[in-house]
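Colleague: Generate coordinates for the entire structure from the input sequences, incorporating the hints supplied.
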Amino acid sequence: MNELEISLGSKAEETPLIHVDHVSRHYDDGAVKALDDVSLTVRRGDYLAIMGPSGSGKSTLLNLLGALDRPDTGEIFFNGHGLSRCHDLDHFRAMTLGFVFQSFYLLPTLTALENVQIPMFEGPRGVRQRVEHARGLLELVGMSHRSQSLPMKLSVGERQRVAIARALANDPQLLLADEPTGNLDSKSGALVLDLFDCLHRERGVTIVLITHGAEVAARAGRTVWICDGHLSESPPARGQSCG
Amino acid sequence: MRFADVIWNNLRQRPLRSVLTIAGIAFAVASVVTLVSIARGYVRSSEEYYSSRGIDIVVMRAGVAERLTSTLREDYADLLKSVAGVDDVDGSLTEMVSLGDGDLVGIPLHGFRSGGTGISQFTVIEGRGIEPDDHAAVLLGRNLATGLQASPGQKLSIEGTSFTVVGVFQPANAVEGNTAIASLGDLQHLMDRPAQVSEFHIRVKSEVSSEHNLREICQSIEALADPTGQPLGLKALPTRQFVSGSTESKLMTAMAYGTSFIAIGLSLVGILNTVWMSVLERTRDLGILRALGWSRRRVIRMILGEAFSLSACGALFGVIIAKLAIQGLSMIDAARVFVRPELDGLAILIGGLSAVVSGVLGAAYPAWRAASISAAGALRYE
Ligand SMILES: Nc1ncnc2c1ncn2[C@@H]1O[C@H](COP(=O)(O)OP(=O)(O)O)[C@@H](O)[C@H]1O
Ligand SMILES: [Mg+2]
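Here the protein sequences come in this chain order: A and B.
Per the numbering used here, the first sequence starts with residue 47, numbered consecutively.
Per the numbering used here, the second sequence starts with residue 28, numbered consecutively.
No wet-lab data here; the hints were simulated from the structure.
For every residue, glycine included, the Cβ atom is placed at its ideal position computed from N, Cα and C.
Do not take every clue at face value.
Derived DEER-like restraints, expressed as beta-carbon distance ranges [as the list claims (entries may be wrong)]:
id : chain 1 : residue 1 : chain 2 : residue 2 : range
1  : B       : Met282    : A       : Ser149    : 55 to 65 angstroms
2  : A       : Gly182    : B       : Gly285    : 52 to 62 angstroms
3  : B       : Glu308    : A       : Asp231    : 22 to 32 angstroms
Chain A regions said to be covered by chain B (calculated; three or more residues, Cβ under 8 angstroms) [unchecked claim]:
id : region
4  : 107-116
5  : 155-169
6  : 239-251
Modeller: Quick look at the structure:
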């Protein structure tokens, strides 16, 4: 991509936010092919659900998208730039991505308000701005009344909402969620999904979400399936085993 | 939330461990500060002992490094006086004696020649000084007099012989405050060392000003020979060199630094253990931080910050403990002879710096390991 294309706007919009180009990821010296020659394109503003049985490679794919791991072969492009060429993936993660995990991964010794501020240390905000921004985010997820609570004192649904506030700390371009409702009851799960809907609709955040549940995937604009490390755009036929 | 708050939060989570680590470092620092203070204080006191009397050169028997084992003939004084540049020669004998009914032992008793320069240089604050026609008279340093509850006119048994306390003198320092003074003749008689001294104190003429000239005089003294051409075997040193080169000074300094080294090694291992454990326990949390985009450098800074806080607190408390320890020691009869009741500035600096340096060194490896935790790996086992 050259400078001209960016300035032309219309063409720049065609540059996908993410392009996964023939990516493979093997473990245990190739014995486990967690991902095998996977290609995928996600455009800015997409809401994509990834479905698949346990152990099919969903988290592996999400870790690659989130620059937590590197592919063995192939390349992942973010805004047209290859991640393998990026020399500061930490900074990239901090400033462009937001993570939401199945087990929340809040820091147990910090309050909700403090947890939300953690990613901001890598950003430009000063102490006061960090606190203010974190308050705003907690309000956005409806958790401002529990800002001083430790994660232990919160219900699982509340924890996930705090985790979502934290994921938004540096105004990410992409939200990556790995089974965000997997540990939640249906009611708080629905609350979390409503929140995703709202972020997608009103803030234009691009979302890639992993899920087991069809009703969760139904909220997304588009769904892809992974089976045994292979990705397909259509669901596996009924009764047919994976792959 | 400040970065420092994150560090503080981590330390606060395991209060007992943090406190114990701080205590360990504090005791290490305390031992460093106390021992180095004592050693340096001892050297300084000795220096003051001589310099406050205007002594420029100390002459001893060659081959011995301590006053106590140095033996010289008293009549060498005449030969010394003939050396160019020498103004005054004063022989002195020092013995460690026991006082009273053996309740105080190892008290330095200095014998000075009656009518000489040395014996007249004490500032008497009670009673009077030792006069030439006194017999079995003793002058006590103030601290010693207080400890013995002795006042002028009272009898005092020294090595089993009865002496009369004639006065109390104002010491130049804590060490001197615990010494006693007698006439050279009395001490020679008491210790059965007739016509012997352990050292000569030399004051040079006022025109001798440079260190260089002092050394020339020392050389001339060392070259002295008796009428038969036999060398006298003298060792002459400018005061400062004499003090820092004495076996006692060297021994105390070596012991102080040696013990300090061990103490600091122990605190380094303590920090390493504490930080290492806390990194292992927090593998998942550290993985989360890395996943959220914290750089390796920030993780390292956090871990080193924790270690630095622990060791800085340890250093602070260590200095406080040292202050108390040295005050306590200076109140014990057996120790106060050589313990100045004050902390040495350099000792505090050495103690504090070594705590902080050992803290950061001890935490370096755990911090590096913490920064190497892979986010994907740490978050997988759940
Ligand atoms: N770090 C790893 N080392 C070895 N095998 C792994 C590792 N991570 C994932 N795998 C394996 O890769 C496959 C896909 O895992 P994962 O992506 O976690 O599946 P999913 O998230 O779809 O349940 C599984 O067989 C899993 O055991
Ligand atoms: Mg998974």
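Colleague: The structure should be examined with respect to each hint, and the outcome stated for every one.
Modeller: A quick look at each hint next to the structure:
1. Look at B:Met282 against A:Ser149: about 56 angstroms separates their beta carbons, and that is inside 55 to 65 angstroms.
2. Between A:Gly182 and B:Gly285 the Cβ separation comes to about 60 angstroms, which falls inside the hinted range of 52 to 62 angstroms.
3. Roughly 31 angstroms separates the CB atoms of B:Glu308 and A:Asp231, a value that falls within the hinted 22 to 32 angstroms.
4. Beta-carbon proximity to chain B at under 8 angstroms applies to 4 residues in the region 107-116 of chain A; the threshold of 3 is reached and the given coverage holds.
5. For the region 155-169 of chain A, the proposed coverage by chain B is satisfied: 9 residues have a C-beta within less than 8 angstroms of a C-beta in that chain, meeting the threshold of three.
6. Under the rule that three or more residues need a Cβ within less than 8 angstroms of chain B, the assignment of the region 239-251 of chain A is violated, with 0 such residues.
Checked against the numbered hints given earlier, this structure breaks only hint 6.
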